[in-house]
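Make the full structure from the sequences, and use the hints.
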Amino acid sequence: MRVLVTGGTGYLGQAVVRELLACGHVVYTLSRRRVAGPGVPRIGDLQDRTSLSWALQDVDTVVHLAALAKVRESFSDPLGYYRTNLVGTMNLLEAMAGSGLAKRLVFASTGSVYGTPDHQPITEQTPPAPTNPYAASKLAAEQAIGWQAACGSLGAVTLRLFNAAGAAHGVGDTDDTRVLSRVVAVAAGRVGHFDQFGDGSAVRDFVHVLDVARAFGLALSACQPGTHQVFNLGGTPASVADILDTTEQVTGRRVRVVVHPPNPGEVRELRASTELVQHVLEWKPEHSSLPELVRTQWEFERTRSR
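Residue numbers -2 to 303, in the working numbering, belong to the letters of the sequence shown in order.
Any given hint could turn out to be false.
As the list claims (entries may be wrong) - Derived Cβ-Cβ restraints for the label pairs, each shown as a range:
#1 150 with 288: 39 to 47 angstroms
#2 68 with 254: 17 to 25 angstroms
#3 223 with 116: 27 to 35 angstroms
#4 72 with 124: 16 to 24 angstroms
#5 194 with 40: 37 to 45 angstroms
#6 254 with 37: 38 to 46 angstroms
#7 150 with 173: 38 to 46 angstroms
It should be emphasised that the hints constitute simulated quantities derived from the structure, not laboratory data. Idealized CB from N, CA, C, for every residue including glycine.
So, in C-alpha coordinates, the structure goes:
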(Lines of atoms letter the chains of each structure in order from A and count residues from 1; the text may use other names and numbers.)
(Lines give C-alpha, C1' and ligand atoms only; values in the text may rest on other atoms or scores of the structure.)
Protein backbone atom coordinates (compact mmCIF):
# COMPACT_ATOMS: atom_id res chain seq x y z
CA MET A 1 0.00 0.00 0.00
CA ARG A 2 0.98 3.63 -0.43
CA VAL A 3 0.23 5.20 2.94
CA LEU A 4 0.09 8.83 4.10
CA VAL A 5 0.55 9.19 7.86
CA THR A 6 -0.65 12.48 9.33
CA GLY A 7 1.28 13.31 12.48
CA GLY A 8 3.93 10.89 11.27
CA THR A 9 6.82 12.79 12.85
CA GLY A 10 5.44 12.68 16.40
CA TYR A 11 5.90 10.25 19.28
CA LEU A 12 3.36 7.70 18.09
CA GLY A 13 3.76 8.63 14.44
CA GLN A 14 7.40 7.62 14.17
CA ALA A 15 6.65 4.19 15.64
CA VAL A 16 3.74 3.70 13.24
CA VAL A 17 5.80 4.78 10.23
CA ARG A 18 8.59 2.35 11.13
CA GLU A 19 6.06 -0.47 11.53
CA LEU A 20 4.47 0.24 8.15
CA LEU A 21 7.87 0.43 6.43
CA ALA A 22 8.84 -2.90 8.01
CA CYS A 23 5.64 -4.38 6.55
CA GLY A 24 6.71 -3.30 3.06
CA HIS A 25 4.43 -0.31 2.54
CA VAL A 26 5.49 2.92 0.85
CA VAL A 27 5.04 5.57 3.55
CA TYR A 28 4.70 9.34 3.34
CA THR A 29 4.47 11.61 6.37
CA LEU A 30 2.40 14.77 6.46
CA SER A 31 3.69 17.67 8.53
CA ARG A 32 3.64 21.46 8.32
CA ARG A 33 7.42 21.64 8.14
CA ARG A 34 10.23 19.29 7.19
CA VAL A 35 11.26 17.19 10.20
CA ALA A 36 13.84 14.41 10.27
CA GLY A 37 12.35 10.94 10.68
CA PRO A 38 11.38 7.77 8.85
CA GLY A 39 9.21 7.91 5.75
CA VAL A 40 9.09 10.33 2.81
CA PRO A 41 8.07 13.81 3.99
CA ARG A 42 5.25 15.74 2.37
CA ILE A 43 4.59 19.27 3.57
CA GLY A 44 0.96 20.09 4.23
CA ASP A 45 -1.66 21.21 6.72
CA LEU A 46 -4.98 19.65 7.64
CA GLN A 47 -6.50 23.14 7.49
CA ASP A 48 -5.25 23.70 3.91
CA ARG A 49 -7.27 21.67 1.41
CA THR A 50 -4.94 22.48 -1.48
CA SER A 51 -1.89 21.09 0.29
CA LEU A 52 -3.92 18.05 1.39
CA SER A 53 -4.86 17.29 -2.20
CA TRP A 54 -1.22 17.47 -3.19
CA ALA A 55 -0.12 15.29 -0.27
CA LEU A 56 -2.63 12.59 -1.27
CA GLN A 57 -1.22 12.14 -4.78
CA ASP A 58 -0.64 8.41 -5.49
CA VAL A 59 -1.81 7.55 -1.93
CA ASP A 60 -4.38 4.78 -1.44
CA THR A 61 -4.42 4.64 2.37
CA VAL A 62 -4.30 7.20 5.19
CA VAL A 63 -3.34 6.73 8.84
CA HIS A 64 -4.66 9.80 10.65
CA LEU A 65 -2.74 10.51 13.86
CA ALA A 66 -2.41 14.30 13.83
CA ALA A 67 -4.38 15.89 16.66
CA LEU A 68 -4.38 18.14 19.68
CA ALA A 69 -4.44 15.79 22.65
CA LYS A 70 -4.17 17.51 26.04
CA VAL A 71 -7.27 17.24 28.18
CA ARG A 72 -6.63 20.22 30.45
CA GLU A 73 -5.60 22.45 27.55
CA SER A 74 -8.80 21.55 25.70
CA PHE A 75 -10.91 23.25 28.38
CA SER A 76 -9.23 26.59 27.69
CA ASP A 77 -9.31 26.21 23.89
CA PRO A 78 -12.33 24.06 22.97
CA LEU A 79 -12.79 25.67 19.56
CA GLY A 80 -9.15 25.08 18.70
CA TYR A 81 -9.58 21.41 19.56
CA TYR A 82 -12.68 21.09 17.41
CA ARG A 83 -10.97 22.97 14.58
CA THR A 84 -7.97 20.63 14.59
CA ASN A 85 -9.54 17.33 15.55
CA LEU A 86 -12.92 17.57 13.83
CA VAL A 87 -12.58 20.11 11.03
CA GLY A 88 -9.10 18.82 10.17
CA THR A 89 -10.54 15.31 9.87
CA MET A 90 -13.41 16.58 7.71
CA ASN A 91 -10.93 18.32 5.42
CA LEU A 92 -8.99 15.08 5.14
CA LEU A 93 -12.14 13.10 4.32
CA GLU A 94 -13.08 15.60 1.61
CA ALA A 95 -9.58 15.47 0.12
CA MET A 96 -9.64 11.67 0.16
CA ALA A 97 -13.00 11.64 -1.61
CA GLY A 98 -11.68 14.09 -4.18
CA SER A 99 -8.55 12.07 -4.85
CA GLY A 100 -10.50 9.11 -6.18
CA LEU A 101 -7.72 6.78 -4.98
CA ALA A 102 -7.48 7.04 -1.18
CA LYS A 103 -10.09 4.52 -0.04
CA ARG A 104 -8.76 3.30 3.33
CA LEU A 105 -8.50 5.26 6.59
CA VAL A 106 -7.22 4.23 10.02
CA PHE A 107 -7.98 6.84 12.68
CA ALA A 108 -6.40 7.29 16.11
CA SER A 109 -9.06 8.09 18.70
CA THR A 110 -9.00 7.85 22.47
CA GLY A 111 -10.45 5.78 25.29
CA SER A 112 -11.44 9.12 26.81
CA VAL A 113 -14.56 9.10 24.63
CA TYR A 114 -16.14 6.72 27.17
CA GLY A 115 -16.02 9.30 29.96
CA THR A 116 -16.65 7.75 33.38
CA PRO A 117 -18.45 4.44 32.75
CA ASP A 118 -19.97 2.46 35.60
CA HIS A 119 -18.77 -0.93 34.44
CA GLN A 120 -15.27 -2.30 33.81
CA PRO A 121 -13.64 -3.40 31.62
CA ILE A 122 -14.80 -0.99 28.94
CA THR A 123 -15.97 -2.63 25.73
CA GLU A 124 -16.70 -1.08 22.36
CA GLN A 125 -20.40 -1.40 23.26
CA THR A 126 -19.98 0.96 26.23
CA PRO A 127 -21.87 4.16 25.30
CA PRO A 128 -19.52 7.10 24.67
CA ALA A 129 -19.97 9.96 27.14
CA PRO A 130 -17.02 12.36 26.79
CA THR A 131 -16.37 14.72 29.69
CA ASN A 132 -13.90 17.12 28.06
CA PRO A 133 -13.53 18.98 24.74
CA TYR A 134 -10.62 16.80 23.62
CA ALA A 135 -12.60 13.57 23.88
CA ALA A 136 -15.73 15.21 22.47
CA SER A 137 -13.84 16.46 19.41
CA LYS A 138 -12.40 12.99 18.83
CA LEU A 139 -15.83 11.38 19.09
CA ALA A 140 -17.23 13.92 16.63
CA ALA A 141 -14.43 13.03 14.21
CA GLU A 142 -15.25 9.33 14.63
CA GLN A 143 -18.87 10.06 13.76
CA ALA A 144 -17.89 12.02 10.64
CA ILE A 145 -15.72 9.10 9.53
CA GLY A 146 -18.53 6.63 10.17
CA TRP A 147 -21.06 8.58 8.12
CA GLN A 148 -18.59 9.06 5.28
CA ALA A 149 -17.82 5.33 5.25
CA ALA A 150 -21.55 4.63 5.10
CA CYS A 151 -21.62 6.37 1.71
CA GLY A 152 -19.98 3.24 0.34
CA SER A 153 -16.49 3.78 -1.05
CA LEU A 154 -14.45 4.45 2.11
CA GLY A 155 -13.31 1.67 4.44
CA ALA A 156 -12.34 2.89 7.92
CA VAL A 157 -11.03 1.61 11.23
CA THR A 158 -10.90 3.65 14.44
CA LEU A 159 -8.51 2.59 17.19
CA ARG A 160 -9.43 3.99 20.60
CA LEU A 161 -6.11 4.26 22.42
CA PHE A 162 -6.15 4.28 26.18
CA ASN A 163 -2.68 5.37 27.42
CA ALA A 164 0.17 4.90 24.96
CA ALA A 165 3.48 4.81 26.83
CA GLY A 166 7.05 3.58 26.68
CA ALA A 167 9.72 4.30 24.09
CA ALA A 168 10.98 2.71 20.88
CA HIS A 169 13.79 3.41 18.41
CA GLY A 170 15.14 6.17 20.61
CA VAL A 171 11.82 8.05 20.68
CA GLY A 172 9.84 8.31 23.92
CA ASP A 173 6.98 10.29 25.40
CA THR A 174 8.01 13.91 26.01
CA ASP A 175 4.68 14.96 27.53
CA ASP A 176 5.36 15.44 31.24
CA THR A 177 1.65 15.81 31.98
CA ARG A 178 1.23 12.05 31.49
CA VAL A 179 1.65 9.98 34.61
CA LEU A 180 4.22 7.39 33.52
CA SER A 181 6.51 9.78 31.67
CA ARG A 182 6.36 12.28 34.55
CA VAL A 183 7.17 9.68 37.21
CA VAL A 184 10.18 8.56 35.17
CA ALA A 185 11.27 12.18 34.67
CA VAL A 186 11.18 12.67 38.45
CA ALA A 187 13.33 9.57 38.91
CA ALA A 188 15.83 11.05 36.46
CA GLY A 189 15.92 14.34 38.38
CA ARG A 190 14.71 16.39 35.43
CA VAL A 191 11.37 17.11 37.15
CA GLY A 192 11.30 17.94 40.85
CA HIS A 193 8.37 15.88 42.10
CA PHE A 194 5.26 13.94 41.18
CA ASP A 195 1.86 15.23 42.30
CA GLN A 196 -0.31 12.37 43.53
CA PHE A 197 -3.99 13.08 44.04
CA GLY A 198 -5.52 10.68 46.52
CA ASP A 199 -4.02 7.44 47.78
CA GLY A 200 -2.52 6.30 44.46
CA SER A 201 -5.02 3.52 43.91
CA ALA A 202 -6.63 4.96 40.76
CA VAL A 203 -6.09 2.56 37.84
CA ARG A 204 -5.47 3.40 34.19
CA ASP A 205 -4.72 1.15 31.20
CA PHE A 206 -1.31 1.46 29.53
CA VAL A 207 -0.16 0.07 26.17
CA HIS A 208 3.34 0.23 24.69
CA VAL A 209 3.83 2.42 21.65
CA LEU A 210 5.26 -0.59 19.75
CA ASP A 211 2.07 -2.55 20.38
CA VAL A 212 -0.01 0.42 19.25
CA ALA A 213 2.05 0.73 16.06
CA ARG A 214 1.54 -2.96 15.27
CA ALA A 215 -2.23 -2.53 15.67
CA PHE A 216 -2.21 0.25 13.08
CA GLY A 217 -0.36 -2.00 10.67
CA LEU A 218 -2.89 -4.80 11.16
CA ALA A 219 -5.83 -2.41 10.82
CA LEU A 220 -4.96 -1.52 7.23
CA SER A 221 -6.24 -4.84 5.93
CA ALA A 222 -9.49 -4.47 7.89
CA CYS A 223 -10.56 -1.34 6.00
CA GLN A 224 -13.40 -2.75 3.90
CA PRO A 225 -15.44 -0.40 1.67
CA GLY A 226 -18.59 0.88 3.31
CA THR A 227 -17.58 -0.12 6.84
CA HIS A 228 -16.29 1.66 9.94
CA GLN A 229 -14.98 -0.66 12.64
CA VAL A 230 -14.01 0.53 16.13
CA PHE A 231 -11.54 -1.21 18.44
CA ASN A 232 -10.16 -0.53 21.91
CA LEU A 233 -6.39 -0.65 22.43
CA GLY A 234 -5.21 -1.28 25.97
CA GLY A 235 -2.51 -3.35 27.57
CA THR A 236 -1.76 -3.33 31.29
CA PRO A 237 -4.04 -1.82 33.93
CA ALA A 238 -1.86 -0.21 36.61
CA SER A 239 -2.40 2.10 39.56
CA VAL A 240 -0.35 5.19 40.30
CA ALA A 241 1.17 3.30 43.23
CA ASP A 242 2.12 0.46 40.87
CA ILE A 243 3.87 2.90 38.55
CA LEU A 244 5.76 4.54 41.40
CA ASP A 245 6.90 1.19 42.81
CA THR A 246 7.92 -0.21 39.43
CA THR A 247 9.80 2.96 38.51
CA GLU A 248 11.81 2.84 41.72
CA GLN A 249 12.59 -0.85 41.15
CA VAL A 250 13.61 -0.39 37.50
CA THR A 251 15.64 2.78 37.97
CA GLY A 252 17.04 2.26 41.45
CA ARG A 253 16.00 5.86 42.20
CA ARG A 254 13.54 7.28 44.69
CA VAL A 255 10.64 9.24 43.26
CA ARG A 256 9.66 12.32 45.27
CA VAL A 257 5.89 12.39 45.68
CA VAL A 258 3.72 15.26 46.90
CA VAL A 259 0.32 13.97 48.01
CA HIS A 260 -2.82 16.07 47.52
CA PRO A 261 -6.49 15.43 48.29
CA PRO A 262 -8.24 13.40 45.58
CA ASN A 263 -9.73 15.29 42.65
CA PRO A 264 -13.52 15.43 42.96
CA GLY A 265 -15.14 13.05 40.53
CA GLU A 266 -11.93 11.29 39.54
CA VAL A 267 -12.63 7.88 38.03
CA ARG A 268 -11.23 5.09 40.19
CA GLU A 269 -10.60 2.67 37.37
CA LEU A 270 -10.44 2.66 33.57
CA ARG A 271 -9.64 -0.69 31.96
CA ALA A 272 -10.00 -1.55 28.29
CA SER A 273 -11.49 -4.78 27.04
CA THR A 274 -9.41 -5.85 24.02
CA GLU A 275 -11.33 -9.03 23.20
CA LEU A 276 -12.69 -7.60 19.95
CA VAL A 277 -9.37 -6.40 18.54
CA GLN A 278 -7.74 -9.68 19.52
CA HIS A 279 -10.46 -11.61 17.70
CA VAL A 280 -10.77 -9.50 14.54
CA LEU A 281 -7.22 -8.21 14.00
CA GLU A 282 -5.47 -11.06 15.86
CA TRP A 283 -3.64 -8.42 17.90
CA LYS A 284 -2.45 -8.72 21.45
CA PRO A 285 0.05 -6.62 23.42
CA GLU A 286 3.57 -8.03 23.50
CA HIS A 287 5.57 -5.17 25.02
CA SER A 288 3.09 -3.69 27.49
CA SER A 289 4.16 -5.16 30.81
CA LEU A 290 4.64 -2.37 33.33
CA PRO A 291 8.38 -3.07 33.80
CA GLU A 292 8.98 -2.84 30.03
CA LEU A 293 6.93 0.34 29.73
CA VAL A 294 8.98 1.95 32.50
CA ARG A 295 12.34 0.53 31.36
CA THR A 296 12.03 1.79 27.78
CA GLN A 297 10.84 5.24 28.90
CA TRP A 298 13.71 5.34 31.43
CA GLU A 299 16.26 4.55 28.69
CA PHE A 300 14.83 7.39 26.61
CA GLU A 301 14.72 9.76 29.59
CA ARG A 302 18.39 9.19 30.30
CA THR A 303 19.28 10.35 26.79
CA ARG A 304 17.28 13.55 27.43
CA SER A 305 19.08 14.20 30.71
CA ARG A 306 22.60 14.00 29.30
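Hints versus structure:
Checked against the hint of 39 to 47 angstroms, the C-beta distance between residue 150 and residue 288 comes to roughly 45 angstroms, which is consistent with it. Distance hint for residue 68 and residue 254: a CB-CB separation of about 22 angstroms, consistent with the stated range 17 to 25 angstroms. Hint check: residue 223 to residue 116, Cβ distance near 31 angstroms, so the stated range 27 to 35 angstroms holds. Taking the beta carbon of each, residue 72 and residue 124 are about 23 angstroms apart, inside 16 to 24 angstroms as hinted.
As the Cβ distance of residue 194 to residue 40 is approximately 42 angstroms, the hint placing it in 37 to 45 angstroms holds. For the hinted restraint 38 to 46 angstroms between residue 254 and residue 37, the CB-CB distance of approximately 45 angstroms keeps it satisfied. Range check, residue 150 to residue 173: Cβ separation about 42 angstroms, and the 38 to 46 angstroms hint holds.
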